[in-house]
Structure formats: C-alpha cells, structure tokens
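These protein sequence lines are chains A and B, in that order.
Going by numbering that gives the first Met the number 0, the residue at position 141 of the first sequence is 140; the numbering climbs one at a time, nothing skipped.
Going by numbering that gives the first Met the number 0, the residue at position 120 of the second sequence is 119; the numbering climbs one at a time, nothing skipped.
Treat the hints as calculated values from the structure; they're not laboratory data.
Note that the structure is a prediction, hence the values are computed from the model and not measured.
Among the hints, a few may not be true.
A pair holds if it fits inside one copy or across any two, identical chains being indistinguishable in the list.
The calculated BS3-like cross-link candidates involving lysine-lysine, where the alpha carbons are at most 25 Å apart (straight line), are [said to hold, decoys possible]:
hint, residue 1, residue 2
1, Lys-28, Lys-165
2, Lys-28, Lys-88
3, Lys-152, Lys-168
4, Lys-65, Lys-167
5, Lys-65, Lys-88
6, Lys-88, Lys-31
There are 2 protein chains.
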Amino acid sequence: MKQKGTILQNELRERIHNMEAGEGVTLSKLQKILLSIQGPVTTILDVLHGNVNMFIIDQHVENAEKSVAELLDIEIDDEIFYREVILHKNGRPLCYSQSYIPLSRCSDEVTEDLLNKRLTTGNIMDYRHIETVREISNIDIEKITPLLQDLFKTDADLIVREYNMKHKKKIVVHTKEAFPISYFTEM
Amino acid sequence: MKQKGTILQNELRERIHNMEAGEGVTLSKLQKILLSIQGPVTTILDVLHGNVNMFIIDQHVENAEKSVAELLDIEIDDEIFYREVILHKNGRPLCYSQSYIPLSRCSDEVTEDLLNKRLTTGNIMDYRHIETVREISNIDIEKITPLLQDLFKTDADLIVREYNMKHKKKIVVHTKEAFPISYFTEM
Numbered sequence: 000m001k002q003k004g005t006i007l008q009n010e011l012r013e014r015i016h017n018m019e020a021g022e023g024v025t026l027s028k029l030q031k032i033l034l035s036i037q038g039p040v041t042t043i044l045d046v047l048h049g050n051v052n053m054f055i056i057d058q059h060v061e062n063a064e065k066s067v068a069e070l071l072d073i074e075i076d077d078e079i080f081y082r083e084v085i086l087h088k089n090g091r092p093l094c095y096s097q098s099y100i101p102l103s104r105c106s107d108e109v110t111e112d113l114l115n116k117r118l119t120t121g122n123i124m125d126y127r128h129i130e131t132v133r134e135i136s137n138i139d140i141e142k143i144t145p146l147l148q149d150l151f152k153t154d155a156d157l158i159v160r161e162y163n164m165k166h167k168k169k170i171v172v173h174t175k176e177a178f179p180i181s182y183f184t185e186m
Numbered sequence: 000m001k002q003k004g005t006i007l008q009n010e011l012r013e014r015i016h017n018m019e020a021g022e023g024v025t026l027s028k029l030q031k032i033l034l035s036i037q038g039p040v041t042t043i044l045d046v047l048h049g050n051v052n053m054f055i056i057d058q059h060v061e062n063a064e065k066s067v068a069e070l071l072d073i074e075i076d077d078e079i080f081y082r083e084v085i086l087h088k089n090g091r092p093l094c095y096s097q098s099y100i101p102l103s104r105c106s107d108e109v110t111e112d113l114l115n116k117r118l119t120t121g122n123i124m125d126y127r128h129i130e131t132v133r134e135i136s137n138i139d140i141e142k143i144t145p146l147l148q149d150l151f152k153t154d155a156d157l158i159v160r161e162y163n164m165k166h167k168k169k170i171v172v173h174t175k176e177a178f179p180i181s182y183f184t185e186m
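Just need the whole structure built from these sequences, with the hints factored in.
Following this line, the structure appears as structure tokens:
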C-alpha cells in the first residue's frame with residue numbers, strides 16, 4: 000500500500016477509501032479528519048479534549064543517515080534536529096509524533112526555540128510566522144512498535160500520517176504522526 | 000463578542016468555549032473542528048461526505064471600498080478579486096464561503112486560475128505551491144442573511160470563521176466561511 004510523493008487534497012478521500020479497502024478496516028469520521036488536516040493534530044485534539052500537553056520522549060541533534068537524508072532531500076551527515084513526542088491529556092497518551100528538521104534550513108531563532116522551548120514544531124512555525132506549504136506524503140496502517148505498544152498500552156495497529164512543511168521550496172519539517180486504530184473511534 | 004486580531008492555535012479552545020457561553024449554545028465536535036482547522040473546510044467535507052463541489056454565486060474584479068481595504072491592509076480603490084461560493088454535495092449546500100484577494104499580490108498564474116479555473120482559493124494556493132501563514136482572525140455566531148436563508152433553507156444562526164492566508168507577510172486571501180448552526184451536529 001506504500002505510495003510515494005505528495006497526496007493532493009482532492010485525492011485524500013480516495014486514498015483513505017483505498018486504504019480501508021486494502022486493510023479491511025473502517026475508519027471513524029474523526030480518524031479520517033485527523034488523517035486529512037493540513038496542519039498538526041494538536042489544535043484539534045486540544046479543542047476536543049482540552050489541555051493537551053506534550054511529553055518529549057527524546058530530542059537531540061544528529062547527523063543524517065542515508066534514509067533521513069533522502070527523506071529531507073539533504074546531504075548525508077548534514078545536521079538535523081530529531082524529536083519524538085507524545086501528545087497527552089493528564090498523562091493519557093493521544094498521539095505519537097516524530098519530527099526531523101534540517102538545521103541548516105532553520106533560522107537561529109527557530110533552532111533556539113526547538114532546543115529550549117517546550118513547543119510543538121507546528122506551534123514554533125506558527126509562532127515565528129514561517130510561511131510554508133504543507134504536503135501530506137503518506138497515510139498508512141502499520142504494525143505497532145514495542146515502544147508505542149508500551150506507551151499506548153495496546154497492540155492494535157497504528158494509523159500513520161507523514162507530512163512535510165516546506166519553506167523556500169525546501170523541506171523544513173518532516174513529521175510522522177501515529178495513533179492506535181482503537182483510538183478516536185467515538186465519532 | 001467581537002475580538003480583533005489573530006487567534007493563536009492554543010487560544011482556540013478558550014475562544015470557542017467563551018463563544019458557547021456568551022451565546023448560550025453548545026457546539027458539536029465536528030462544528031468545533033470546522034472552526035479550528037488552519038486550512039479551508041473543503042478537504043474535510045470532501046473526506047466525510049464525498050464528492051463535494053463548488054457552486055460560484057458571484058465572482059468579479061472590483062475596487063476596494065474602505066472596509067475591504069482595511070480588512071486586507073491595501074489602499075482604497077486597489078483592485079481585488081471577489082468570490083462568493085457554496086460548497087455542496089449533489090446540490091445540497093454544506094458551507095458558504097466569501098473570499099477577497101488583492102490582485103496586486105497575486106502572480107499572473109494565480110490571477111488566471113482565479114478567473115478561469117473552477118478551483119477553490121485554497122486549492123489554487125496548494126496547487127501553485129504558494130507558501131503561506133494561515134491565521135484565524137475571527138470566530139463568531141451571526142444572524143443569517145436573506146441570501147443564505149434562501150440557500151440553506153433555514154433561519155438558524157450562522158457559525159462563522161474568518162481567516163487570512165499571508166504570503167511575504169501580506170494578506171493574499173481573506174476568507175469568511177459560514178454554515179447554519181443546525182448543520183454538522185451529527186458528531
């Protein structure tokens with residue numbers, strides 16, 4: 000079911016439909032919405048659940064391996080900021096998010112924010128008024144990893160969405176968001 | 000209840016809550032989501048309802064009056080593109096949308112698209128890869144107008160959202176979206 004490249008907004012309905020058919024699942028309306036929005040899921044989860052906060056699992060600067068360099072269209076060994084977080088409400092996990100940010104494409108202010116502020120990457124882009132194009136590059140259903148099995152306390156499959164924020168035609172943030180298919184089924 | 004300026008993403012929950020309290024209404028989850036997203040509602044409505052199309056009520060080039068010039072931060076009499084549309088499924092109206100676009104801030108390609116293609120303004124920005132900041136400037140509940148009363152076949156109040164797309168720090172699209180409060184209550 001893997002397809003490469005940008006999913007246009009008007010192709011999303013069909014892509015979700017094909018994913019449901021291919022995997023033999025039926026997504027809830029809210030799950031479909033969370034796959035379709037152009038920005039991060041944080042705002043919607045905050046509006047629906049109230050008081051959604053971020054727990055940082057890991058964040059550090061590293062040198063890009065080949066797979067990450069290809070993902071971001073940078074050179075191997077270029078410096079990137081890596082962050083893994085869980086969005087939660089009162090400790091109950093709602094969504095996992097993993098971001099890769101090429102540091103050479105960030106202003107000093109953004110790098111500073113990433114390292115020192117407890118803001119989501121999407122919020123930093125908004126707060127710094129960084130003009131972007133947002134493109135969904137993948138939606139999929141994947142087997143859950145041991146880390147997320149432990150965090151979400153379930154072995155259900157994951158609903159996954161990957162998207163890029165581009166600035167000056169280059170990827171400045173690549174994000175992968177994931178939540179168990181047993182979540183957000185209430186509407 | 001009118002407040003001016005940009006509503007930050009992390010202020011939306013409180014703004015919606017205050018609006019509900021002030022107006023004595025309770026919004027559905029879907030209504031709250033439609034107020035909260037950073038992009039146009041078209042994609043979500045298309046994913047949920049399938050086959051959402053646009054009916055153009057009016058579109059023309061005009062010279063900005065004072066109120067519009069203030070809204071867009073342009074000079075009085077500057078040329079703007081004005082468009083009023085209804086998003087519908089099989090003729091059943093779902094959402095009304097009104098856009099103002101200062102032509103001096105558009106490339107020839109975008110102006111051409113606006114005048115000749117049957118694409119929503121949001122889709123044109125995406126399709127042309129225009130990098131933007133998207134800012135919600137107002138959410139509110141308003142009395143329905145005679146035009147929309149006739150289109151939506153209801154006299155229910157309207158849920159209204161206004162947002163700006165900014166490019167090179169200037170407003171390139173101001174959009175007002177509205178739907179009756181009796182719509183989208185199913186989830």
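A quick look at each hint next to the structure:
{"no.": "1", "hint": "Lys-28 <-> Lys-165", "verdict": "neither (28 Å within a copy, 30 Å between copies)"}
{"no.": "2", "hint": "Lys-28 <-> Lys-88", "verdict": "both (21 Å within a copy, 17 Å between copies)"}
{"no.": "3", "hint": "Lys-152 <-> Lys-168", "verdict": "neither (39 Å within a copy, 44 Å between copies)"}
{"no.": "4", "hint": "Lys-65 <-> Lys-167", "verdict": "within (23 Å within a copy, 34 Å between copies)"}
{"no.": "5", "hint": "Lys-65 <-> Lys-88", "verdict": "neither (36 Å within a copy, 46 Å between copies)"}
{"no.": "6", "hint": "Lys-88 <-> Lys-31", "verdict": "both (21 Å within a copy, 18 Å between copies)"}
When held up to the earlier numbered hints, the structure conflicts with 1, 3 and 5 and fits the remainder.
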